[in-house]
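There are 2 protein chains.
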Amino acid sequence: MKIYKIPEATVMRLSVYSRYLFQLLDEDVKTVSSDEVARGVGVSSAQVRKDLAYFGEFGTRGVGYNVEDLYSQLMKILGLNQRWNIIIVGAGKLGSAFALYQGFIDRGFSIKAILDIDENRIGQELDGVEIEPLELLNNRVKEHKVDIGVITVPAVAAQDVTDKLVAAGIKAILNFSPSILKVPADVVLRNVDLSVNLEVLSFNLAFNN
Amino acid sequence: MKIYKIPEATVMRLSVYSRYLFQLLDEDVKTVSSDEVARGVGVSSAQVRKDLAYFGEFGTRGVGYNVEDLYSQLMKILGLNQRWNIIIVGAGKLGSAFALYQGFIDRGFSIKAILDIDENRIGQELDGVEIEPLELLNNRVKEHKVDIGVITVPAVAAQDVTDKLVAAGIKAILNFSPSILKVPADVVLRNVDLSVNLEVLSFNLAFNN
DNA sequence: GACTGTGAAGCCATTCACAGCT
DNA sequence: AGCTGTGAATGGCTTCACAGTC
Numbered sequence: 001m002k003i004y005k006i007p008e009a010t011v012m013r014l015s016v017y018s019r020y021l022f023q024l025l026d027e028d029v030k031t032v033s034s035d036e037v038a039r040g041v042g043v044s045s046a047q048v049r050k051d052l053a054y055f056g057e058f059g060t061r062g063v064g065y066n067v068e069d070l071y072s073q074l075m076k077i078l079g080l081n082q083r084w085n086i087i088i089v090g091a092g093k094l095g096s097a098f099a100l101y102q103g104f105i106d107r108g109f110s111i112k113a114i115l116d117i118d119e120n121r122i123g124q125e126l127d128g129v130e131i132e133p134l135e136l137l138n139n140r141v142k143e144h145k146v147d148i149g150v151i152t153v154p155a156v157a158a159q160d161v162t163d164k165l166v167a168a169g170i171k172a173i174l175n176f177s178p179s180i181l182k183v184p185a186d187v188v189l190r191n192v193d194l195s196v197n198l199e200v201l202s203f204n205l206a207f208n209n
Numbered sequence: 210m211k212i213y214k215i216p217e218a219t220v221m222r223l224s225v226y227s228r229y230l231f232q233l234l235d236e237d238v239k240t241v242s243s244d245e246v247a248r249g250v251g252v253s254s255a256q257v258r259k260d261l262a263y264f265g266e267f268g269t270r271g272v273g274y275n276v277e278d279l280y281s282q283l284m285k286i287l288g289l290n291q292r293w294n295i296i297i298v299g300a301g302k303l304g305s306a307f308a309l310y311q312g313f314i315d316r317g318f319s320i321k322a323i324l325d326i327d328e329n330r331i332g333q334e335l336d337g338v339e340i341e342p343l344e345l346l347n348n349r350v351k352e353h354k355v356d357i358g359v360i361t362v363p364a365v366a367a368q369d370v371t372d373k374l375v376a377a378g379i380k381a382i383l384n385f386s387p388s389i390l391k392v393p394a395d396v397v398l399r400n401v402d403l404s405v406n407l408e409v410l411s412f413n414l415a416f417n418n
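In order, the protein sequence lines correspond to chains A and B.
Under the working numbering, the residues of the first sequence are numbered 1 to 209, in order.
Under the working numbering, the residues of the second sequence are numbered 210 to 418, in order.
What the hints contain is simulated information worked out from the structure, not anything from laboratory work.
Each statement offered as a hint is correct.
Derived DSSO-like pairs (lysine-lysine); straight-line CA-CA distance at most 27 Å:
1. Lys302(B) <-> Lys93(A)
2. Lys145(A) <-> Lys76(A)
3. Lys391(B) <-> Lys30(A)
4. Lys112(A) <-> Lys302(B)
To give an idea of the chain A side of the interface with chain B (calculated C-beta under 7 Å), a few residues:
5. Lys93
6. Ala97
7. Leu174
8. Val196
The model shown is predicted, which means the values in this text are computed figures rather than measured ones.
Backbone N, C-alpha and C fix where the C-beta goes; we use that ideal spot for every residue, glycine too.
Generate the whole structure from the sequences, applying the supplied hints.
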């Protein structure tokens, strides 16, 4: 157990490994090898072992990994042994889809507030959470101890929303708007850009004509 | 103009550059330097020049790049000078959000069909496209000459849908389900995994406690 | 014999730094 | 003087290959 900088790709794979292990757990599998995990998630076995090595030694040579054990270790590493509170800003189609997406809940994420500026949306409910006006951002973040902000507003509004989230003390932002957001160094920002993803496919289709 | 393998990260950035250039075009800016683009999208100027160098020489030394010119070159490289037809499989929240998301259309993407297995959804319309039964997959792909399949079904159904898309001749798939899909080597697959993205944030919050 | 953990090698992407144009 | 285009250097991630352990 040492190391400072963990590759982002490693973290993403750990998330995938953990999901695969959960599946094995469900099937009552007791032990698994790096090779099995590798084939299960589509990477090399050396990759699996290297990824795990960033965080310690979890296996037994000649045997493999105890599924339950490794699973709970990974959940702990990923910070999924605790609850994270989420605020969604933007209750349009994408925001609603995110709010209603199951599969976050059982991984420790809890949507605490959904905000919008549209009068027509405010007052409606999404999965038991009422859509409230944007002005409540600072209050809601603080009273619910929100950890993660999800931005699903149009590009023009995204930086403004970001600044408000940062001002409210949020340290992690998931941005779905197609904009380049500026955040302080201590705030983690992840962008999920649907257009970029489609355009990479377009490129591949066009390039390998 | 040479080179075989273009880094995926480069392609993603080209998509972002093109969007930035479009904005400049709108502001009637005639010329731009790699440094301005770099600051506009948050990368280094050397990165911008290297990315472009994979595809040719588009600038003038001592001057910079002609905005209109570079923009249209990038659109061409990205394959956005032509129309791409899309089929969405899964008309749940995420599929609907995708279908109703504006901003693809003006970049050359056209949603031709939306399929689902849920009787309650079939027959409804999303942005003028009727939701139809999954059985029509093969037909619709062929009659509309669909290029890209978007998968927004639950994880358990994803591989089955993938196989059907591949069998119908589709060469590019955008997968939103949290599953590891297997596709032939000549099919491009991109995964957008919402859980993984959230969990990377979780990791960062937990790790840099 | 089987499988992990890991230094070393290999590979790929980014940054540097400067020659080459305008 | 200003800015591009690019070989060389750097840095980082992945794969190799094998010693270590059960």
